[in-house]
Amino acid sequence: MAPLAPEPRINASLLAKYRGQTVRLPAKVVKIVGSTATVEASDGGQIGVHLGRDMHIADTYVEIIGSVKDDLSLKALTSINLGDRLDMKAVQAVIEFSQSSKGEGILV
Amino acid sequence: MSNYGAENPYYGGGGGGFVSGGSPYGSQGSQDGAKKNRSNQTLRPVTIKQILEADQAHPSADFTIDGQEVGSILVVGSVRNSNNSATKVSYEVGDGTGYIDVNQWLDTADDEGGKMDGISQDKYVSILGSIKVFGGKRQISATHIRPITNHDEVFNHLLKAVYVSMTVRYPNGVPNDGGARGAGGAVANDYSAGTTNGADSSAWAGLPPLQRKIMEIVAADDTDEGIHVATVTRQMGNVNVDEVTNAIEKLMDDGQLYPTHDEFHVKAVY
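Protein chains in written order, with UniProt numbering: chain U, 1 to 108; chain P, 1 to 270.
Errors might be hidden in some of the hints.
No farther apart than 20 Å at their CA atoms in a straight line, the calculated lysine to aspartate or glutamate pairs in the DMTMM-like style are these [what the hints assert, rightly or not]: (1) P:Lys123 with U:Asp87; (2) P:Lys160 with U:Asp87; (3) P:Lys123 with U:Glu96; (4) P:Lys123 with U:Glu104; (5) P:Lys115 with P:Glu92; (6) P:Lys123 with U:Asp59; (7) U:Lys28 with P:Asp152; (8) P:Lys160 with U:Glu96; (9) P:Lys160 with U:Glu104; (10) U:Lys28 with P:Glu92; (11) U:Lys17 with U:Asp59; (12) U:Lys75 with P:Glu153; (13) U:Lys89 with P:Glu92; (14) U:Lys28 with P:Asp122; (15) U:Lys89 with P:Glu153.
Simulated from the structure, these hints should not be mistaken for lab results.
Make a model of the complete structure from these sequences and hints.
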């Protein structure tokens, strides 16, 4: 079995860079209408997420593992509940380090 | 658990046969031993990518990350799959940087110890263990696996992994290339905002400006007896003497400065 690929952690402004790839999006759930959720990323940008049928979003904060579609929405493969409180500044710091040379060999 | 690794003939790192001849660590066996043991006793927070890319000089050598030997490791990731037999449980865990198999032995056949309690698919866990190789594949042999309830821990762990690697890669401070340093966003923001004046030693980036200035002055002195506090005060220029004295005392309390042959001379710890 081939090893599973990494899933870079991203925010709204990085969506375009990862078009077609599988990513992790830690976010705050703004609203859920039918099978589409609107979430707020760590940089404050909002993203539309297409949820799977048996996906269980219970908490205010979630981490979506999904693929970035061409229209820059996210097709969720799975979601991880992260509780009702989360320090989004720490999340943003992780994502910034992932994009900087300092995160090389550690985060990416 | 680390004893297990060292004594196991299949995984053991410090085999005498390897160390005695042409060892990269030098010829004095006792020193090698001391060095090995010391780093093996540390617990390093790492990402799965760091484990998968860790260096190993030869198949029975210890793993190194950023050139430093790793013994026990701490990993935080989400469970993707789990599989258990009568005596052992394996999880496939991912942290965004990669996936790895994590194995844990169960005390009893039906897990009476409750080691698997609260651990299920798509839940974050904190794993304490060591790196093992089985069938050519790296995996984690876990001593403790704990479900995470406060998920700030996930992101704090990733920042800690960066912080520790930065400390190992740049023992004299991270070169300032305009990027962020430190474990938190707040530090990063303070740093990029350019609040410091003159040459900035990033090792003290987290200190208030007054304390940082003092550290810069003290560190510039390379005498054995250190620098007199009055000299520091004078070099600080137009700053209230009491403020400088208080700041020096604070730095001594925090372990940044230490007194030398009398209480008026101080040196920087690093």
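Hint check:
1. P:Lys123 with U:Asp87: 18 Å, holds
2. P:Lys160 with U:Asp87: Judged against 20 Å, a Cα distance of about 15 Å means the pair holds.
3. P:Lys123 with U:Glu96: 24 Å, violated
4. P:Lys123 with U:Glu104: 26 Å, violated
5. P:Lys115 with P:Glu92: Holds, because 16 Å separates the two Cα atoms, which is no more than 20 Å.
6. P:Lys123 with U:Asp59: Holds, at roughly 13 Å.
7. U:Lys28 with P:Asp152: OK: lysine 28 of chain U and aspartate 152 of chain P at ~13 Å, within 20 Å.
8. P:Lys160 with U:Glu96: With a Cα-Cα distance of about 14 Å, the restraint between lysine 160 of chain P and glutamate 96 of chain U holds, given a limit of 20 Å.
9. P:Lys160 with U:Glu104: Measuring from Cα to Cα gives roughly 14 Å; hence the hint holds.
10. U:Lys28 with P:Glu92: 26 Å, violated
11. U:Lys17 with U:Asp59: Status violated; Cα separation ~28 Å.
12. U:Lys75 with P:Glu153: Violated. Lysine 75 of chain U to glutamate 153 of chain P sits at ~26 Å, over the 20 Å cutoff.
13. U:Lys89 with P:Glu92: 28 Å, violated
14. U:Lys28 with P:Asp122: 17 Å, holds
15. U:Lys89 with P:Glu153: 13 Å, holds
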